[in-house]
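*Asks:* Using the hints, build the complex out of the two chains.
Given next are the chains, with one letter for each unit.
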Amino acid sequence: MADRPFERWLYPTDDGLYCAPGDFHIDPYRPVARAVITHGHSDHARAGHNSVLATAETIAVMQTRLGLTCAGNLQKAPLGQEIRIGDVGVALHPAGHILGSAQVKLTHRGQTAVVSGDYKRRLDPTCTPFEVIPCDLFVTEATFGLPVFRHEPDAGEIAKLLASQRAFPERTHVVGVYGLGKCQRLIALLRSAGYDRTIWLHGALTSICDLYAALGVGLGALAHASVAQQSLAGEIVMCPPAALRDRWSRRLAEPVTCFASGWMRVRGRARQRGVELPLIISDHADWPELIQTIKDTGAQEVWVTHGREEALVHQLGLMGLNGRALALVGREDEAE
Amino acid sequence: MRHFAALLDRLGYTPGRTAKLRLMTAYFRATPDPDRGWALAALTDGLPFSFPVRRTLAALMDKRLDAELLRLSRDYVGDTAETVALVWPEPAEVQAAPRLADVVAELALIDKGDLGARIEGWLDRLDATGRWALLKLLTGALRVGVSGRLAKTAVADLAHGNADQVEEIWHGLSPPYLSLFAWLEGRAEKPDISGAPVFRPLMLAHPLEDKDFEALDIEAIAAEWKWDGIRVQLAAGRGEARLYSRSGDDIGPSFPDVLGAVRFDGVLDGELLIKRGDDIAPFNDLQQRLNRKAVTGRMLAQYPAHIRLYDALMIGDEDLRGLAFTQRRRRLEEWFVANRPHAMDLSAVLTFTSKADLAAVWRTTRGIGIEGLMLKRRDSPYLPGRPKGHWWKWKRAALTVDCVLMYAQRGSGKRSSYYSDFTFGAWRETSDGSRTLVPVGKAYSGYTDAELVDLDRWIRTHTVSRFGPVRSVVAELVLEVAFDAIQRSPRHKSGVAMRFPRIHRIRWDKPAADAARLAEIEQLIDQS
Ligand SMILES: [Zn+2]
Ligand SMILES: [Zn+2]
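Chains as they are written, first to last, in my numbering: chain A, 1 to 336; chain B, 337 to 864.
Just so you know, these hints were derived from the structure itself, not from any lab.
None of the values given here were measured: they were computed from a predicted structure.
Fair warning: there could be bad hints in the mix.
[As the list claims (entries may be wrong)] List time: in silico PhoX-like cross-link candidates among lysine-lysine, alpha-carbon distance up to 25 Å:
| hint | chain 1 | residue 1 | chain 2 | residue 2 |
| --- | --- | --- | --- | --- |
| 1 | B | 562 | B | 629 |
| 2 | B | 562 | B | 399 |
| 3 | B | 729 | A | 160 |
| 4 | A | 105 | A | 76 |
| 5 | B | 724 | B | 691 |
| 6 | B | 562 | A | 295 |
[As the list claims (entries may be wrong)] With the C-beta cut set under 10 Å, the calculated list includes, among others, these residues of chain B facing chain A:
| hint | residue |
| --- | --- |
| 7 | 342 |
| 8 | 345 |
| 9 | 352 |
| 10 | 354 |
| 11 | 359 |
| 12 | 410 |
| 13 | 541 |
| 14 | 748 |
| 15 | 749 |
| 16 | 753 |
| 17 | 812 |
Beta carbons are placed, not taken as given, at the ideal position from N, Cα and C, and that holds for glycine.
Here chain B stands alone, though its shape is the one from the complex (with noise of 0.2 Å):
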């Protein structure tokens, strides 16, 4: 537990992905099984139980802290489990810290009501950061700015390996996972998982960039819309159903409509959307399914899930990723016509006759709400991650407006000594005639490393106020900024959200009182 907590607190002040990566290595290497495992498992998946701990903490400090005296501690503190952590009275002398595995095992089995003494005789046992870890892991929820993927990535790297191998057999395994460790250390064969309905590594596409269009050779192409829900991956299989996201996580327990309907074996790729009728609903109503752990029957009623079908790994027991695109979409297509599957559909081919006339499609997505195109070499196989030259996403032209930059912020990790965090805004004009500024928006990229420290510069000699790590600056520079898309937001002061706003161009050439009108920004709101 010692180790697991030490591990977790500095996770918490990590900003660098690498610097995390080179953390959890570490300690998966230097910690004994079956500890690991149950680390590992915490950082990915999640422990399989979950403790509302306030009550039993509150009985628990009763015995030990005058009430006031922890009134004012909390208060300072701002969290329960981790004030209780801080106050907690050291033991009058040191035992051996609980193991991570004794823990977990215990917790997995307990009465509730036996639940405040295994805590006690825990919490005097451990340290502060101990006590802290603890309680985090008996509420479920770490925080510490890992994503299960990144976990994965680093018990890989115990074999110098790379997280898709790990992904490939993940969800045929289970806690705390000794025939993984066993197969990364070369001490046994890599864990049978056949048949079981894991995730396997979807294939990505790389933006097409001008040059890419240019040496397209379009008969060798397909091309499909791009559509704008959740790219998923749906894997049945030994009687099993699971709903994969683009990284490998579990996302099926949200998406009960979906995985009912599963009659067959096989892994699909599609995108996840919300469909009523023949209508595609915006993204927003798919983010209201997302990350819900109880879903209720009006829920499902409101805000009906349904994949679009893209592509097929496998049907059945065979694996057709060695297939080209063209010939497992035959076989998709016949699979579907067969079995009909409820809640799904397949994403249309395109067809087009020249790379003119693709273009041209291809500049009618904004006008009909479809985010871009897909293209597709027809002779690709299905090869996991983000190989080059296969397909690429061609995404509608973004919008530009230009802005003018108001406040600043530090970035963090490596940006830390930078102003890397920019908001902006655009004119208002009342009814007399005067303007204000109002914010628009807020961007992190799309400069160049060079133009990122002319922008800190220019910040830093025309700060008008601090506060903090942000600072206001005086309303001259124009900021040329693309987005993909701007909504209604009654929850902004300005009534719009843009979508993936960033820096396009700096326009230092440009007076600020030139920049846009909100006005002309609330034309550019999808009617669709």
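Chain A with its partners taken away, still in its complex shape (with noise of 0.2 Å):
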């Protein structure tokens, strides 16, 4: 035991990654009685907690998405101050992931470990940047875990759309995106490009961006798809990924269809997915960012949820780090 300090007091199981001497789980896979959570995505944040602890802003996208009593009892975190839960100080810092997602930190006798939840370092003007917390466990995601990714400017894939849009004016341009995050950070890119006309949304994006603006972010002129009975040719228009090869787009006009995630960088992936025009925008760290985020927290011990650990965990040990691969329940390929 003396050589895996960290496993005493913190450490997976059935249920994800439990804190023993606070007796709290974080982002846990399935109800438990106290939840720490990182941010509203369903593979983090599930219903049916006892209590739950988490940034307002994701308090109101869990309650959007899985309804007002989605847990017994809904604690605000301000980000940044330290609660003391049992034996453990417990505060939130912002992890850049989406709107309200945050890193838990962790205080226990001396020792300081970092859950990053899902994470990304570059500037997403819908949410507030990820802050570097020296710590000597870091808990990083990795589900960009391979050399291979490295998202593209994201300046230059929005370019890339709208060089498309102008190309194929007669065309409807179906974005496929994740409704949570993905959607309204396109919406705010494409926004600081100067695009300034109506993007059209499937219903099911709707409440999201609504929550978005409800919250301070702007985006702009939205309009439901559903209400246009017109074949929306020239126009931008976005939809969960499931709607992008369904029925749903049989009334636009020729579309183009894009799809905007990091794994887009691998042609097989977009080509899988029978996308005409990928997008490599990420919510997710690049491997750059992974490693770069590793070095900067100083931590000498990092363990590897979700994604590619195998990779990234190898690479750790050219570090000279300790590495360890968690492999948590309910969190495989990454939807994004």
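*Replies:* This is the structure:
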């Protein structure tokens, strides 16, 4: 046990990562008594816990997606303020992943552990940027934990979309996006590229966009695509990925199917989805960001959760750090 | 290089023909000489080099990425060139990307020993898409789903012309096609290629419909067998001979036995076949000879190629295309008798006395293993493309069989939201009397748009399971499938393979139990 000093108080269980001296889970997979939730994505935030600690925005997201009574008790934690839970200090710090996303900093008997949740390092107009928290143990995600994943600069990808819209003005550009985070980020990026026309939304995307707007993230003119009877030729329409290749898109004018995701970096993945215009835009850290972040935290021990643990753990070895793959349930290939 | 890379990248993901054309035409319009000419070469006949780069890349990566990380990356991506393009370190400072024409010029003369250093230099100046395109270019396989014909159509679009005008002079030109672009942009006369063995667009036939047959003036028509090979054009002049496919691809290198025997100038139209003695071999044998870069002596002996001549476009430097079919045919016969060319013969002109007689001849085609008849108006000149009312192909009647729909797959492009590719099966009976369906074929066509909508709806409501883009459905729907022929095939579970299967009719009314048994289908196998 002596050579594994962290496992005495922080370890994976069947329900997810568990912090023993505080008696709570972080992003548990199944309903538990006490949960700390990093962000509102469904593989992290589930319904049915007795009590939940999260940022105010994450709680708002959970209530929008899972219902007002998705947990027995919802406690808002202001960013950067330590709360004592049992024998542990708990503080949430921004993760830069989506609105409200946070890392969990745990302090116990002189040891500091940071659980990253999902994160990215580049600037995102829809959320607070990632903050480096020095720590002894860093628990990192590794969705894009392979050297092939290097996300292109956002501005270039947005320019690709707008150039395609100019080249095919008689067709509808339908962009498949995840409803929470990616959708709003893409809209914000389009706005910062000077695109001020109405952006059309599939019905499944409107409630979270409304929530972002209510929480002060302006997204400009949006309209419900199902209300429009026309074919939306020349317009940009956003929909959940599943709607991209289904009947919903039929009435649109010869749709150019676009998909915004870090997976689009690899041709095989883009082909598999039948995407005509892949956009490499991700809400997760790419390979260089993962490595940079690990260095920045100064952690000597790094645990790797969902994603391609193998390559990152190997890389940690090359860097002379202790790496360990945490096979957490419910965190397979990140839908991104 | 940057624009060319972006073009290749986009083409590779674009399913639609029109969209591909638009992308290419826009590129040719915006890109200066000579880069665009090399791009055109890469998209059509290919660049005059290809390098095996695997070793070189492995050596370059050795200095840049841990071997285990490279292995994991390669396993994930599935392609070495793409992996290298993705993991190559971004340069510390952005440098101007190399120009396509410069890359091509250097590669044409490069010493093998310098290749690694040159590739390294270029990779450092390109972004991920550029690196990927460069490596594709080096290996000579672009694979972006563009045929030479489509690329030529795209350049022709610069002048709102058509691909035939480009084809007409194509083989007299060479990259980077400066004179072609100058002509298309109205800056120069049409390039003069007289006497060169260039491809002339073929004259093609329409399928014969019932109403065409009724309207046919039997006196004005000549008939020939429709041979089951590939249509070719043999062009010789200025001391060179070339063999072109129907679409103008130069397939000569695969057929030195035919080209080596050419001792004349002219342009001839015929069918490429494998012929042993007096026997025409099945189409499968011809396939052994197609798309082969290296032809062995054994291949030549085993699969001797032969051209059965239909028509003459030019003899010597005299253009015969304005003459009537009967006159051209007479000239072809005279020429043939005088020259006795090796590995060629004349396709027979059939005699018949009436329409009924002609129909009787047509009915014999399946029995004697011939694909059908060609009907040609005796007074037609040789016209490029598929002009209406001159030539008809009268394919032997299709075979039909009732099969049961088993799987459906989503289509691509415009059809991507529909289940439009259908796998169907027939009943196999076992000795204990039970029966199971075995897949016997796959069809993507033959139905109307309205039928596709009905099929799509039926499939969605009768799905048993889904795997990726494929659904398996309950064995309830009978499809009447038409096909041209069926052959034995050990590669298929059913042991048979259909040629050109398509959905002939949807038998909403027919119970699946009454669909065909595999044994019945096997009886349709061509014995010839
Ligand atoms: Zn997430
Ligand atoms: Zn996640």
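*Asks:* So which hints don't hold here, by number, going up?
*Replies:* The structure conflicts with hints 1, 2, 3, 6, 13 and 17, although it agrees with all the remaining ones.
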